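There are 2 protein chains.
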Amino acid sequence: MAKKPDTILLGHGSGGQLMHDLISSLFMHYFSNPILDRHTDSALLKLGNDEIAFTTDAFVVDPIFFPGGDIGKLSVCGTVNDIAVSGAKPLYLSCSFIIEEGFPFSDLERIVKSMALEAKKAKVHIVTGDTKVVNKGKCDKIFITTTGIGSLDTRYKEISSGSGIKPGDQLIINGSIGDHGMAVMSARNELNLKASIDSDCASLNGLIEQALAVSDKIKFMRDATRGGLATILAELSANKEYGILINEEELLLNENVRGICELLGFDPLYVANEGKVLIVVDNADASRVLDALKAHELGKDSAIIGEVVSEHPGKSWINTAIGGKRIVDVLSGEQLPRIC
Amino acid sequence: MAKKPDTILLGHGSGGQLMHDLISSLFMHYFSNPILDRHTDSALLKLGNDEIAFTTDAFVVDPIFFPGGDIGKLSVCGTVNDIAVSGAKPLYLSCSFIIEEGFPFSDLERIVKSMALEAKKAKVHIVTGDTKVVNKGKCDKIFITTTGIGSLDTRYKEISSGSGIKPGDQLIINGSIGDHGMAVMSARNELNLKASIDSDCASLNGLIEQALAVSDKIKFMRDATRGGLATILAELSANKEYGILINEEELLLNENVRGICELLGFDPLYVANEGKVLIVVDNADASRVLDALKAHELGKDSAIIGEVVSEHPGKSWINTAIGGKRIVDVLSGEQLPRIC
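In order, the protein sequence lines correspond to chains W and U. Residues in the first sequence are numbered from 1 upward in steps of one, following my numbering. Residues in the second sequence are numbered from 1 upward in steps of one, following my numbering.
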C-alpha cells in the first residue's frame, strides 16, 4: 500500500501519481472486487446475457463556460468517451447536479441546453438525474456528475485492458494535443490572456465506431484527459514487457497552445484533452484505421505518433524534435486543477 | 412550463414543489425522451434481453458524520434503496467523489470504509469511480455521487409508476418517521442539542425482497427521503382518480424526534427518512406483507398507516390524533437543506 497522506491535496485529483496512490491505497483496497480489480476506466459488467460498460465522472471545471464548450457539454462528452474507448456503444447517461444557492437560472438553462444538444449529437439519452442545492459559498457554482451505460460487443472485451498489445503495434492519435487544458486556462479571468483557443471537447463515439468498423485489430483505446497524453503512455507501458516510443515531430500542437504552454511553463504532453483518443492498433491495420479516422470530422488531423517497441520494457520514451530522447513519466503533482 | 426563477434557491433541492417545477421546466423539457418522461425515480431500461433499473443521487449531507451513519453509508443506502423500491435487485454502484483540498485523509478513509461495509451488507459491488479535488473553500469537505444498476424482474415493471393502485389498497411503512432528518439536525454543532437520535439510514433491499417474495400484489414502493412521507403521499395522489387517507395514530414517532420537531417547529411528516419505505399493496395481501416486513430486522415496527380511498380524488388527507383531518400537500419551500 502506498504511504497514506495526512490530507487530500489538489494532486490527488490530477490523474497522476498521487491519484494512482490514492486509488490503490484506499478505493481499491476497501472496495476490492473482481470487476474493480481489473483497473479499467469503465467497469465491464455482465448483466444476464448482456455485457455492458459502466463509468462515472464528476465535472468541476473552472470556469464553467470556456471557448469550445462548457461544463454541461463536457459532462456529456467525458462520459460518452469513457464508454466509447472501452469499445462499447454509449447508450444512456444519468446526471447529478450540485448547485450553489443563488446560481443564475439562465446559466443553468444554458448548461442543460448544452448537455441536451451534445447528448443528441452523441446519440445517447439522459434518462435519470438528481439535483442538490447547497448554501452559498459551499460549492463553486455548479458541479455535475454523469454516469454512463454502454453495450459492449464481446469482440471488444480486451480493448480496455490492452492485453493484446505487442511490439510493432502502432499508436495513433486523432489530432492536436493540449487544446482543452489551454482553452480553460486562457479562459480563467485572472490570466487576462488574449489567445483564442477552442477546447477540443467532443463526443468521440462516432469516430471510434468508424475505426472499429474497419479493423478487428484495435488493441487499446484511451481518451487523453487529465494528465494528458503523457499519463496514458506512462500507464500503458508500466510493468509491461514492451516499451513505447513516440516521435515528437508527429505530435500536432496548435500555435496558440504552444505559445501559452511556453509562456506558462506547461508541457503540452501533460495537458488535458477532451476530444482526443489514443489508439493502439496492429501494424497490419494501422493505415486502414488511420484512413477511417481521417475520413471523420473529428479525425482529420489523425497521425501515427509512435509504436510499441521491444526496447526499454516498462517505459515510454519520446524522440524529441531536436534529436534527443526523453522518458515520459506520470504526472507527479498537480499541473492544472479543475480542468474537467 | 412553470415560471422560471431568476436564481436557484435552496428549495430547488428540497424534494418539494420548487424542485418539481425545476425538473419539469428545465430537465424534462430539454432532456425529454420516453424513458425520462415516465417520471420514475429510477430509469427503467431495456438492454438487449435484460431490463435494468438505473438511478443516481448526489450526497451533500452536513455534517458528514452523524449518529447512525455518515455520508459514505448514506451514499450507498440511498442509491441501493432507489433501485430496490423500483422492484429491481441492486447489483452495481459507481461512486464519484468531489473533495475539498486539505480534507483529512483519515476522514476519507473512514467514509470509504463505511461505504465498503454498507455495500457488503447490501450485497452490491462498487465497480467504478472518480475523484476530483477542488481548491480549499470551493466545496464543503466532501460530496459523493453514487449511481446504481439493478436487474429488474419484468413482473415488477409497474411498481415504479404505481399504475395498478386502486381504492381499498393498503399503505404500509416499515417503522418510525423523521429519524434521519432529526439525527442530522441534532448533529449540527450550532444547535447544541443533547438529544440522542440515530439516523435510520439503512439499505432496504433485503427487507423489500422479503415483501416481494410473499406477494405479487405490491402496487408501489417509494423510500421516504427528502420531503418526507408527506411528499410521497402528495405525489402519489396528485392528478389521480383516487385519494389517500392516513391515520396519524398509526404513525410511529420516536420520543426524541417528536421533542426536537416540536422544539424547532418541524412537521415530522415532512422530515427526511433514509431507511423507510412506503408500500402500497392490495388489501388481500396486506397482512401477509406486513408479517413479512415485521419478520425482518429493519421492519419490526411496520404498520398499516392508511389506505387508498375513492373519496377526495387527487388529494391525500390525514386523520389527526386529536380527531381532526388535514390535507397533506407537497413541501413548498426548503425545510432542511443538506439532509442527504
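Accuracy of the hints is not assured; some may be wrong.
Computed list of lysine-lysine pairs in BS3-like fashion (alpha-carbon distance at most 27 Å, straight line) [claimed, not checked]:
(1) U:LYS138 - W:LYS4
(2) U:LYS4 - U:LYS89
(3) U:LYS138 - W:LYS138
(4) U:LYS138 - W:LYS46
(5) W:LYS4 - W:LYS120
(6) W:LYS113 - U:LYS46
(7) U:LYS157 - U:LYS325
(8) U:LYS217 - W:LYS89
(9) U:LYS121 - W:LYS46
(10) W:LYS46 - W:LYS157
(11) W:LYS138 - W:LYS123
(12) W:LYS123 - W:LYS294
(13) U:LYS157 - U:LYS89
(14) W:LYS113 - U:LYS89
(15) U:LYS3 - W:LYS141
Distance ranges between label pairs, derived from CB positions [as the list claims (entries may be wrong)]:
(16) W:GLY48 - U:ASP198: 33 to 41 Å
(17) W:PRO167 - U:ASP198: 26 to 34 Å
(18) U:PRO5 - W:ASP291: 20 to 28 Å
(19) U:PRO63 - W:GLY48: 52 to 60 Å
(20) U:PRO63 - W:LYS136: 50 to 58 Å
Note that these hints are calculated values from the structure, not bench results. Computed from a predicted model, the values in this text were never measured in an experiment. Glycine residues also receive a C-beta, built at the ideal position from the N, C-alpha and C atoms.
Hint by hint, here is what the structure shows:
| no. | hint | result |
| --- | --- | --- |
| 1 | U:LYS138 - W:LYS4 | holds, 24 Å |
| 2 | U:LYS4 - U:LYS89 | violated, 38 Å |
| 3 | U:LYS138 - W:LYS138 | holds, 7 Å |
| 4 | U:LYS138 - W:LYS46 | violated, 38 Å |
| 5 | W:LYS4 - W:LYS120 | violated, 43 Å |
| 6 | W:LYS113 - U:LYS46 | holds, 26 Å |
| 7 | U:LYS157 - U:LYS325 | violated, 34 Å |
| 8 | U:LYS217 - W:LYS89 | violated, 37 Å |
| 9 | U:LYS121 - W:LYS46 | holds, 21 Å |
| 10 | W:LYS46 - W:LYS157 | holds, 11 Å |
| 11 | W:LYS138 - W:LYS123 | violated, 34 Å |
| 12 | W:LYS123 - W:LYS294 | holds, 21 Å |
| 13 | U:LYS157 - U:LYS89 | holds, 12 Å |
| 14 | W:LYS113 - U:LYS89 | violated, 33 Å |
| 15 | U:LYS3 - W:LYS141 | holds, 22 Å |
| 16 | W:GLY48 - U:ASP198: 33 to 41 Å | holds, 38 Å |
| 17 | W:PRO167 - U:ASP198: 26 to 34 Å | violated, 60 Å |
| 18 | U:PRO5 - W:ASP291: 20 to 28 Å | violated, 51 Å |
| 19 | U:PRO63 - W:GLY48: 52 to 60 Å | violated, 41 Å |
| 20 | U:PRO63 - W:LYS136: 50 to 58 Å | violated, 18 Å |
In summary, the structure is inconsistent with hints 2, 4, 5, 7, 8, 11, 14, 17, 18, 19, 20 from the numbered list given earlier, while agreeing with the others.
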